[in-house]
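Quick note, the sequences are listed as chains A and B, same order.
One point on numbering: in this note's numbering, the residue at position 78 of the first sequence is 78, and numbering is uninterrupted.
Just remember that this note's numbering sits 1000 ahead of the position in the second sequence, which is counted from 1.
Hints are not guaranteed to be accurate.
[Claimed, not checked] Partial list, computed: chain B residues near chain A (C-beta under 10 Å):
#, residue
1, 1029
2, 1100
3, 1274
4, 1487
5, 1599
[To be verified] Beta-carbon label-pair distances, calculated as ranges:
#, chain 1, residue 1, chain 2, residue 2, range
6, B, 1487, A, 202, 56 to 62 Å
7, A, 67, B, 1113, 57 to 63 Å
8, B, 1072, A, 221, 44 to 50 Å
9, B, 1300, A, 221, 53 to 59 Å
[Said to hold, decoys possible] Over the 12 Å line for every Cβ pair with chain B, so calculated as not near, a few chain A residues:
#, residue
10, 51
11, 60
12, 70
13, 71
14, 112
15, 120
16, 122
17, 124
18, 125
19, 130
20, 149
21, 193
22, 255
23, 265
24, 272
Think of the hints as simulated: they come from the structure by calculation, not from any bench.
For each residue, glycine too, the CB sits at the ideal point set by N, CA and C.
Here's the letter readout for the chains.
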Amino acid sequence: MSVTGIAPHPRPQPNPRWATPRRPRVGVVKFSSCDGCQLTLLDMEDELLAIAERFDIVEFAEATSNRSHGPFDVLFVEGSVSTDEQAEEIVQLRRQATTLVAIGACATSGGIQALRNLGDDDAFRNSVYPRPEWIAALPTSKPVSDYVAVDAELYGCPISGRQLLELLTSLTVGRRPQLPDEAVCAECKRLGNTCVLVAGGESCLGPVTRTGCGALCPSFDRGCYGCFGPREAANTVSLANWFGEQGKGGSEVAREFAKFNVGAPAFRKIVERER
Amino acid sequence: MVAANPAGDAGETYFLRRELVNELIQALATDDREVIGPRVEDGTIRLGPVSSAVDLPRGVGLDNAPGKARLVERGDDRLFDQPVGPDSWKRWTFPPRVTQAVWTDGDGTPAIERRLENPPRQITKKAFLGVRACEIAALRVHDRVLAQGPTPDRDYAARRRDNLIVAVECAVAGGTCFCASMGTGPEVRDGFDLALSEIDDGFVVRVGTPAGAAVLAGLPVNPATDAQFEHAQASAARVREQMGVTLPTDGLPERLIAAADSPRWAEIAERCIACTNCTLVCPTCFCTSVGQRSDLDGQAASSERTWDSCFTLDFARVAGGNFRTRVSDRYRQWLTHKFGTWTTQFGSSGCVGCGRCITWCPVGIDVRDELMAVAPPPEAAVVARPMIEALPVVAPLPPVRHEQHGTPPVKTTVVDTHRETHDTVTLRLRTDYQPLINGKPGQFVMPSLPAGASPAISISRFHNDGFSLTVRAAGASTARICALERGETLTVRGPMGRGWPVEQALGRDVMVITGGIGLAPLRPLLDWLIANRDHIARIQLSYGARTPGDRLYTAELDTLLLSGVIDIAQTVDRAGPEWLGRVGVVTQVIDRIMCSCDKTTAFICGPERMMQATVDVLHERGVPDERIWVTLERHMDCGVGLCGHCQLGRFFVCKDGPVFSLAELGPAFGIEGL
C-alpha cells in the first residue's frame, strides 16, 4: 500500500462532477468483526443526513433492510477473511465494486482474531468449543488485501469517523484523500501532549503507529495501543529494542505488539521475536 | 528602595527580590498582554499561560537525557532552574495549525466562483517569560527564515510583532544541552527586553530595551550591587563549564555536505523511527503542509497549514514518485540541512543547541554522536567555537503590504481549452493581472480549486490577455483542472520561481532538450527564442515521447519544422507503422546533433534520470556546466520558500529555482534521495 493507503496502481480518478446525474451507490458489508467500524458510520450523527443525500446507500445491514448484491460505486468492507465462504464472497464482491475500501483493523490486518495466526489453531479450537468439529474456520484471519485488490484502506479499531468523512469528501469533491501516513507522535506534538514514553517511561506504540485517532490515548496520559496499525517504514525493531533497554522483559514487549494489529507484519515480527 | 528610572537605559542592571515576581508578571500582563512561561504540567516542564508566580515551577528541576526526561523535586525556592522542556516558543509564534485561506463570497455563490482570501487574524500580544539564550537564537533563526525573505510569512510576522522577551539566564545545564558548542549560550547576550539571572534571593535584571524598562518602571527594584552582579556572572560561567563543548562545529557544514555518501546514514536508519519528534520539538524546524478542509460538497472550503516534518514519507512525494523513500535519506536531509546547508541558506546554523531533539527522541538518538560519526572533525582536537558574532537584532517588522505578499490569489477565466493527449489539456486563461502576463519563461503558478490541493504547474505560454497552462491529469486536483470548461474560473497564485535565463541564449547555439509533458515549461522559452531569432546562432529542439500520441503541440511543431526557424528532432520510445520518425531515447538524438558545443547553451526539462543521461552526453560533447540549465521537480506546498518541502541542498527549488544551472547545483544534482 502506498502512503495514503490508496493502492498505487493507476485507476480512474473521481470525476469532479461525478455525483450527478445519479448518486454513487454505496454498500457496507462485513466479515469477521465486531461491527464497531460500521457503528462509527452510524455514530456520525451530524453528517449522516448529508452522506445519505449525497450517496445512495444500497447495502448496509446494520442500518437498513434494503439489500443489494451490487454493483457498487464504493464498497466498504469491514472484518477479516477467516472462513472459506468469506474467501469466496470477497472475490464476488470485488467484481461488483468500482472502488473497494477495507475498513478497520480486521479488514486491513486481520484484527485481534489474527492472534490465532501465531498459534496452534486446532489447540485453540479444542480448548474453546465443546464441539470443535462444528467450527469451520480457516486457520488464519487475514486482511481483505490478501485476497483481492483494495483501492483504499481506512485503519483503526475502530476506524475514525473523521477519516471516513474525509474519504467520502475526497470522492465527492475530487481530491486526494488526506489520510496522512505519519506517526501518532506528530499528532501528539501538534496537540501539545507530553510524550508518555520520554517523560513517563511508559510503553507507547505511537512512534511506529499510523496516526488517525487524533492521538487519543496519549491525550489521556496513556501509551498508544497501536489501533491504527504500523505506519510506513515502521521501525518496530528499534522501538522494541529500546523497550528492552529500559528494562522491559521480552514477554512484556511482545504483549505491547500483540493487539488489534498483530497480523500486520511489522508488529507480528516483534511478537514472534520476543515471546 | 528606589524605582527604576522609567526611561531606564538599555544595559542598566537591577535587583528584583524573588517575592516580587508576581508583580513582574502583573506588569508584563498590562495592555492585555498574555504572559506565557514555564509550568509543571503533565509530568514535565511545559510552556503555557502564567497568571501568577504560583504557576511557575518553583523548586522543580528536569533531568534530561537521551530519550528521557524526569521531573526532580528539589524543594528549594528557585523558579527557573530547569533546562528546557518539550515546548518551544514556536508554539505561539508559529502555531501547529493555522487557517491559511478561506473560499468566501457567501453561501449563494457556487464554490468555483468564490474568492480565496486570508482570514482576518485576532492575535493577542504576548510576553514570553523565561526565554533561554538558545531560544533567543531560535527566534532569530525563525525571523530570518520566515519573516525576512522575499515573501514573508504574514501570520508569523503578526505573531512576532510586539512580543516582550523576558530572558532567563540558565543556572543549570541539562544533560542534553549543547548551546556552548553551537555558540548560542548559555549567556544571554542580547535580543531581550529584560534578562533575569536567578541568584539566592532574587534576580539580577538587565534592561535590554525601553519596552523592558517600562515594565520594570513600576516595580520596587534597586540597582544591583556589584556582589549581586558578580554572583550572576559566576553562575553563568559555571553553566558553561558544566556543559562543556561536546560538539566541534568548525567546518561542520562542509564536512556534512561531503558526507552525503556515508554508510553511517543507513546505520542511523536502523535506529531512527522517523517518528518526527525531533523536528516537531525543534525550535527552528519550520516545515509545514497545507491541508484542505471542506464540507461534503466542497462548498464551505478552507485550507489549513500544519506542522509537518521531513521525516514523513509524504513530505517529498510528487505525482508519480517520491524523492526520499528511505529513512536514511530523510535523516540525512534533516541533519545535513539543520547543521549544514542551513548556513549557506540563512547565514547561521539551523541548530541552537537546545538538546530537545535528543531528549524527546523516543529511542534516545543523540545528534551529537551522529554528527561526530558521520562527519568527524579532521583532528580530535575539540575547539570551543567562539560565541558567534551577535546577529543583528531583528528590527520590528513593518506591516506587510499586499504587494509584499508576492503572490496573491488571482481569479482567471478559462477562455479556451485544447486536448493535447489522452490525459493532457492546455487551458488558455484570461487575466489582467500584469505580473502573470509579464512573467518569465520557466515560471510556474499554483492553481487552487475549492477543497482541492494546489499543484505547481508551469506556464506554457504568455498572451497579451493572460497565459496558458498545459496540465496532465496526474492526480485528483489536476484531473479537476483538466475538466474545466470555457467560461469557468480558476484561481491561481503566481508567477513563482526563477525562469530560464533567456539572455544566456543570445549569440549562441541553443539546445532545447525535453521529453513528454516537459515541453510545456520550455514552450515560452521557445517563443522567446523565436521572437529573438536574429540574435541566436542556431536553435535545436530535441523532443522525446513515449509514443507519438504522447507528444504535445504537434500541429505547432509541424508548422515550426516547415518554417525552418528552428531545427526539430523528435523521437519516440514505441511507435506503430504510422510513425515515420525516429525511435529511441532523446539522448541518442543529441548525440548526433551538430553543434559548436563549447558555444552552446542547453535547456533541459524531463524526469531527473533523463536529465542526468542528457547531461552526461552534453559533458562528453564539451558543454560547460555554467551553460547547462535544468528545471527540477519537487514537492511544493507554498511555492514561496516557506513550507520547506522542496528543499534541495541549500536551495528551495520553488523560489531559488526551479531552473538551475548545473554549476549552481554542483553535487546536489543527481544524488539519489536528496
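Structure-based check of all given hints:
{"no.": "1", "hint": "1029", "in the structure": "violated, 22 Å"}
{"no.": "2", "hint": "1100", "in the structure": "violated, 14 Å"}
{"no.": "3", "hint": "1274", "in the structure": "holds, 6 Å"}
{"no.": "4", "hint": "1487", "in the structure": "violated, 15 Å"}
{"no.": "5", "hint": "1599", "in the structure": "violated, 44 Å"}
{"no.": "6", "hint": "1487(B) x 202(A): 56 to 62 Å", "in the structure": "holds, 59 Å"}
{"no.": "7", "hint": "67(A) x 1113(B): 57 to 63 Å", "in the structure": "violated, 42 Å"}
{"no.": "8", "hint": "1072(B) x 221(A): 44 to 50 Å", "in the structure": "violated, 20 Å"}
{"no.": "9", "hint": "1300(B) x 221(A): 53 to 59 Å", "in the structure": "violated, 35 Å"}
{"no.": "10", "hint": "51", "in the structure": "violated, 7 Å"}
{"no.": "11", "hint": "60", "in the structure": "holds, 17 Å"}
{"no.": "12", "hint": "70", "in the structure": "holds, 23 Å"}
{"no.": "13", "hint": "71", "in the structure": "holds, 22 Å"}
{"no.": "14", "hint": "112", "in the structure": "holds, 24 Å"}
{"no.": "15", "hint": "120", "in the structure": "holds, 33 Å"}
{"no.": "16", "hint": "122", "in the structure": "holds, 38 Å"}
{"no.": "17", "hint": "124", "in the structure": "holds, 33 Å"}
{"no.": "18", "hint": "125", "in the structure": "holds, 38 Å"}
{"no.": "19", "hint": "130", "in the structure": "holds, 46 Å"}
{"no.": "20", "hint": "149", "in the structure": "holds, 19 Å"}
{"no.": "21", "hint": "193", "in the structure": "violated, 7 Å"}
{"no.": "22", "hint": "255", "in the structure": "holds, 19 Å"}
{"no.": "23", "hint": "265", "in the structure": "holds, 16 Å"}
{"no.": "24", "hint": "272", "in the structure": "holds, 19 Å"}
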